[in-house]
Amino acid sequence: MSKYIPRLIDKSLKKELEAFGAVLITGPKWCGKTTSGLRHSKSALFLQDPDNRSQNLEMASLSPSLLLEGEKPRLLDEWQDAPSLWDAVRHSVDRLGETGLYILTGSVMVDESKLAHSGTGRISRLQMRTLSLFESGFSNGGVSLEKLFAKEEPSSKSDSSLEDIAEVIVRGGWPSSIDKSLDIARRQVGGYCQSIIRSEISTSDGVQRDEEKLESFLRSYSRHISTRAALTTIVNDLSGKEKELDRRTAPEYIRALSKIYVVEELKAWNPRLRSKTAIATSPTRHFTDPAIAAYFLDAGPKDLLSDLKTFGLLFESLVIRDLRIYAQSLSGRVYHYRDHAGLEADAVIHLSCGAYGLVEVKLGGEAVDRAAENLLKLRDKIDTSMMPETSFMAVITATGYAYKRPDGVYVIPIGCLRD
Numbered sequence: 009m010s011k012y013i014p015r016l017i018d019k020s021l022k023k024e025l026e027a028f029g030a031v032l033i034t035g036p037k038w039c040g041k042t043t044s045g046l047r048h049s050k051s052a053l054f055l056q057d058p059d060n061r062s063q064n065l066e067m068a069s070l071s072p073s074l075l076l077e078g079e080k081p082r083l084l085d086e087w088q089d090a091p092s093l094w095d096a097v098r099h100s101v102d103r104l105g106e107t108g109l110y111i112l113t114g115s116v117m118v119d120e121s122k123l124a125h126s127g128t129g130r131i132s133r134l135q136m137r138t139l140s141l142f143e144s145g146f147s148n149g150g151v152s153l154e155k156l157f158a159k160e161e162p163s164s165k166s167d168s169s170l171e172d173i174a175e176v177i178v179r180g181g182w183p184s185s186i187d188k189s190l191d192i193a194r195r196q197v198g199g200y201c202q203s204i205i206r207s208e209i210s211t212s213d214g215v216q217r218d219e220e221k222l223e224s225f226l227r228s229y230s231r232h233i234s235t236r237a238a239l240t241t242i243v244n245d246l247s248g249k250e251k252e253l254d255r256r257t258a259p260e261y262i263r264a265l266s267k268i269y270v271v272e273e274l275k276a277w278n279p280r281l282r283s284k285t286a287i288a289t290s291p292t293r294h295f296t297d298p299a300i301a302a303y304f305l306d307a308g309p310k311d312l313l314s315d316l317k318t319f320g321l322l323f324e325s326l327v328i329r330d331l332r333i334y335a336q337s338l339s340g341r342v343y344h345y346r347d348h349a350g351l352e353a354d355a356v357i358h359l360s361c362g363a364y365g366l367v368e369v370k371l372g373g374e375a376v377d378r379a380a381e382n383l384l385k386l387r388d389k390i391d392t393s394m395m396p397e398t399s400f401m402a403v404i405t406a407t408g409y410a411y412k413r414p415d416g417v418y419v420i421p422i423g424c425l426r427d
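To convert a position in the sequence shown, counted from 1, into the numbering used here, add 8.
Simulated from the structure, these hints should not be mistaken for lab results. Bear in mind the structure is a predicted one, so any value in this text is a computation, not a measurement. Treat the hints with care, since some could be wrong.
As the list claims (entries may be wrong) - Taking CB as the label site, the calculated pair distances span:
1. 69 <-> 227: 35 to 43 Å
2. 284 <-> 128: 34 to 42 Å
3. 373 <-> 155: 34 to 42 Å
4. 199 <-> 13: 13 to 21 Å
5. 311 <-> 349: 31 to 39 Å
6. 361 <-> 13: 26 to 34 Å
7. 220 <-> 259: 51 to 59 Å
8. 397 <-> 290: 33 to 41 Å
9. 199 <-> 393: 30 to 38 Å
10. 315 <-> 275: 22 to 30 Å
11. 256 <-> 396: 26 to 34 Å
12. 102 <-> 61: 38 to 46 Å
13. 291 <-> 227: 18 to 26 Å
Claimed, not checked - Once the Cα atoms are required to be at most 27 Å apart in a straight line, the calculated DSS-like pairs of lysine-lysine come out as:
14. 310 <-> 165
15. 221 <-> 188
16. 159 <-> 412
17. 267 <-> 284
18. 159 <-> 385
19. 80 <-> 19
20. 80 <-> 22
Glycine included, C-beta positions come from ideal geometry on N, C-alpha and C.
Model the full structure from these sequences, guided by the hints.
Written out as structure tokens, the structure reads:
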């Protein structure tokens, strides 16, 4: 049996179980939802167990409450295969009046309009992603995001090289590949990506899609990773009949891929500004893991090192994934900002208390100076009479030292960062 890799979500899950009757963990296939759920449960129901699947699904349709019997907390793995369990869990939580009763895991978003009750106040939600660099052991954790919000200046050094960063991008963050060679890890990423095309996407809505056209769309989407490219732009990268078909179906692809947690686009931040500058509202394009884009671009570490533009875009997507994981452990969310005057922040980390930090992502070099200047301009544009001052500004880089610049902007290598 492989050794358990501690996850940052474990801390959040423990707290949510103390506060709510049930917790739903969502996320992409194979990211570790079941494994973490088992660590916090005392009994389990596996709805995709082939030996008992038919019997369990029949029982779920006849008397779902029977499937809830067992020592608590009880894990209900891939609950979406039997949607009636949702209302059964909600009813059980109401009836028993206790917290920490159930952990549900799901790899597919369920249309909650088809459920009798939303679960509000009874069922909490957490999203799991692939391993962050801190969880996988690649980041030394010398700089804490929580401490940045507490105004603690960073001081650390990452020993990683650009070659190391290129490798972690293409190998991905799936737990099963953490101790595998790069070749095996890339094969596993390929298997995951092919399963998206052949079967997983249809689990989101039951629609069978042309595999060749879907793969072409995913390849085009990958070319626009970490950009705000319009769907029309993504479709225009296709050709011939594929272009005509996908111009109509591209939004459906995005919805279906989002429902299985393959696509996770970054929403825009809308702060109070001193001027009436128009703010861009379109999302930034991201997969749940940048290795998906690397696979569809057929890009290995050497390819990225010889194409710094693509490397930079995939590096940004890697950083966004990690920031989302670290922010969630602090009850925060990540957004992006861009206005029509050209000011931008690749990431805005916004905590539930209202505190926020502004982040730019650069591989390194002279781009760090330009990014810092940009962050300072954005800071000065925010109306602090209507909202708090920014807690910190940081340029996250691929390599080097973590330090505070004379202008107050932090420079932080991703290989130093943690929650």
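Going down the list of hints, with the structure as the test:
1. 69 <-> 227: 35 to 43 Å: 40 Å, holds
2. 284 <-> 128: 34 to 42 Å: Distance hint for residue 284, residue 128 holds at roughly 36 Å.
3. 373 <-> 155: 34 to 42 Å: Between residue 373 and residue 155, where Cβ atoms are some 27 Å apart, the hint is violated.
4. 199 <-> 13: 13 to 21 Å: 20 Å, holds
5. 311 <-> 349: 31 to 39 Å: Since the Cβ atoms of residue 311 and residue 349 sit about 35 Å apart, the hinted range of 31 to 39 Å holds.
6. 361 <-> 13: 26 to 34 Å: 29 Å, holds
7. 220 <-> 259: 51 to 59 Å: 20 Å, violated
8. 397 <-> 290: 33 to 41 Å: Since the Cβ atoms of residue 397 and residue 290 sit about 27 Å apart, the hinted range of 33 to 41 Å is violated.
9. 199 <-> 393: 30 to 38 Å: 54 Å, violated
10. 315 <-> 275: 22 to 30 Å: 28 Å, holds
11. 256 <-> 396: 26 to 34 Å: Distance hint for residue 256, residue 396 is violated at roughly 44 Å.
12. 102 <-> 61: 38 to 46 Å: 28 Å, violated
13. 291 <-> 227: 18 to 26 Å: Once the Cβ atoms are compared, 20 Å apart, the range 18 to 26 Å for residue 227 and residue 291 holds.
14. 310 <-> 165: The given pair, whose Cα atoms are some 24 Å apart, holds under the 27 Å limit.
15. 221 <-> 188: 32 Å, violated
16. 159 <-> 412: Judged against 27 Å, a Cα distance of about 11 Å means the pair holds.
17. 267 <-> 284: Judged against 27 Å, a Cα distance of about 35 Å means the pair is violated.
18. 159 <-> 385: Holds - the C-alpha atoms of residue 385 and residue 159 are around 20 Å apart, at most 27 Å.
19. 80 <-> 19: Roughly 18 Å between the alpha carbons, so the hint for residue 80 and residue 19 holds.
20. 80 <-> 22: 14 Å, holds
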